[in-house]
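Input sequences plus hints: build the corresponding full structure.
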Amino acid sequence: MNKQQYFVCSVGSNHEEYREENLDRIIQHRAFVFHEDTTQRGHYKKIQDGDILILKYNYQFIAYGEKYSREVNIHKNDGWNQIFPVMEWIFHDDASPRKGVSHKGLQENTLQGAGQMGTVKGIKPDFGFQSITAIHTQNKLFEKMKDQHQSPIASKYISLLKRKKQIILQGPPGTGKTYSAKDIAEKMIFGEVSKDKKEQKKRLETSEQFELTQFHPSYSYEDFVRGIEASSVKDGIQYNTKNRILAEFADKAVKNIQLATLEEQEFSKEQHIYELLL
Numbered sequence: 004m005n006k007q008q009y010f011v012c013s014v015g016s017n018h019e020e021y022r023e024e025n026l027d028r029i030i031q032h033r034a035f036v037f038h039e040d041t042t043q044r045g046h047y048k049k050i051q052d053g054d055i056l057i058l059k060y061n062y063q064f065i066a067y068g069e070k071y072s073r074e075v076n077i078h079k080n081d082g083w084n085q086i087f088p089v090m091e092w093i094f095h096d097d098a099s100p101r102k103g104v105s106h107k108g109l110q111e112n113t114l115q116g117a118g119q120m121g122t123v124k125g126i127k128p129d130f131g132f133q134s135i136t137a138i139h140t141q142n143k144l145f146e147k148m149k150d151q152h153q154s155p156i157a158s159k160y161i162s163l164l165k166r167k168k169q170i171i172l173q174g175p176p177g178t179g180k181t182y183s184a185k186d187i188a189e190k191m192i193f194g195e196v197s198k199d200k201k202e203q204k205k206r207l208e209t210s211e212q213f214e215l216t217q218f219h220p221s222y223s224y225e226d227f228v229r230g231i232e233a234s235s236v237k238d239g240i241q242y243n244t245k246n247r248i249l250a251e252f253a254d255k256a257v258k259n260i261q262l263a264t265l266e267e268q269e270f271s272k273e274q275h276i277y278e279l280l281l
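Residues in the sequence shown are numbered consecutively from 4, following this note's numbering.
These are computed hints drawn from the structure, not numbers from a lab. Just so it is clear, CB atoms sit at the ideal spot from N, CA and C, and this is done for glycine as well. Incorrect hints may appear among the rest.
[Unchecked claim] Here are the in silico distance ranges between beta carbons for each label pair:
{"no.": "1", "residue 1": "His-32", "residue 2": "Phe-227", "range": "51 to 61 Å"}
{"no.": "2", "residue 1": "Phe-227", "residue 2": "Ser-72", "range": "45 to 55 Å"}
{"no.": "3", "residue 1": "Gln-31", "residue 2": "Gln-173", "range": "30 to 40 Å"}
{"no.": "4", "residue 1": "Glu-214", "residue 2": "Gln-261", "range": "15 to 25 Å"}
{"no.": "5", "residue 1": "Gln-261", "residue 2": "Glu-202", "range": "25 to 35 Å"}
[Said to hold, decoys possible] Mimicking DSSO-like on lysine-lysine, the simulated pairs with C-alpha atoms at most 27 Å apart in a straight line are:
{"no.": "6", "residue 1": "Lys-190", "residue 2": "Lys-180"}
{"no.": "7", "residue 1": "Lys-107", "residue 2": "Lys-127"}
{"no.": "8", "residue 1": "Lys-198", "residue 2": "Lys-70"}
{"no.": "9", "residue 1": "Lys-245", "residue 2": "Lys-258"}
{"no.": "10", "residue 1": "Lys-6", "residue 2": "Lys-180"}
{"no.": "11", "residue 1": "Lys-258", "residue 2": "Lys-165"}
{"no.": "12", "residue 1": "Lys-102", "residue 2": "Lys-165"}
{"no.": "13", "residue 1": "Lys-180", "residue 2": "Lys-127"}
{"no.": "14", "residue 1": "Lys-127", "residue 2": "Lys-190"}
{"no.": "15", "residue 1": "Lys-255", "residue 2": "Lys-165"}
{"no.": "16", "residue 1": "Lys-49", "residue 2": "Lys-159"}
{"no.": "17", "residue 1": "Lys-255", "residue 2": "Lys-237"}
Structure (structure tokens):
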């Protein structure tokens with residue numbers, strides 16, 4: 004079975020008269036179509052059944068679909084004979100199909116071989132998956148794509164984490180960064196990624212090895228690492244240091260390392276004492 008590929012297919016540039024006409028044609032026939040006189044065709048010869056085609060219109064990604072072979076009833080004698088059918092187009096906004104999401108990152112994620120100006124651009128799989136995540140996720144095709152892509156992506160990042168100890172997932176809002184982070188955490192803790200995200204949420208929250216923190220402008224060192232709390236005592240006010248999320252994780256890690264070095268009998272004793280102190 005061939006590995007699934009991603010392609011960005013340009014409906015047309017602003018200076019081309021057929022741009023609007025061709026988008027209507029693409030929507031009507033559930034197929035990406037371009038004219039035989041198109042000079043810079045790009046990677047179109049590499050498209051195979053099962054590949055994902057992402058529509059680019061007015062510098063936005065507006066829809067995606069899975070390529071498959073079928074007969075398309077279209078007039079080919081007018082030059083519009085380069086036809087790539089899809090099962091269906093999944094639009095970012097069904098009510099306004101010309102609305103889309105940013106295509107930022109396309110240039111650096113385009114595969115080599117046909118230049119950046121081709122009508123059909125092969126793109127890197129990770130960028131392709133992030134792009135369709137931003138377009139639309141509530142559909143059967145995305146559910147299938149998620150199963151195919153999330154575990155391999157998680158495995159790749161885990162390998163990087165083991166070497167670097169930290170990673171930064173970057174991209175525009177809605178491109179699946181938090182989604183991927185949870186998959187990475189679940190795979191590291193449990194060795195697998197759940198298909199049911201409600202089950203995943205429950206597993207992570209009860210594991211004691213996962214914490215999700217959202218930073219904002221007022222979030223400080225005292226909120227994340229260690230802070231000082233004031234409490235009332237008989238003679239006035241007492242100030243005590245208190246561990247926050249990062250320090251609490253570090254404290255648990257140290258305890259786990261210490262317990263892991265003990266003999267079985269000593270471990271049982273230490274664990275019993277620790278549980279009594281909780």
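Report the numbers of all earlier hints that the structure fails to satisfy, in ascending order.
The structure breaks hints 12 and 17; every other hint is satisfied.
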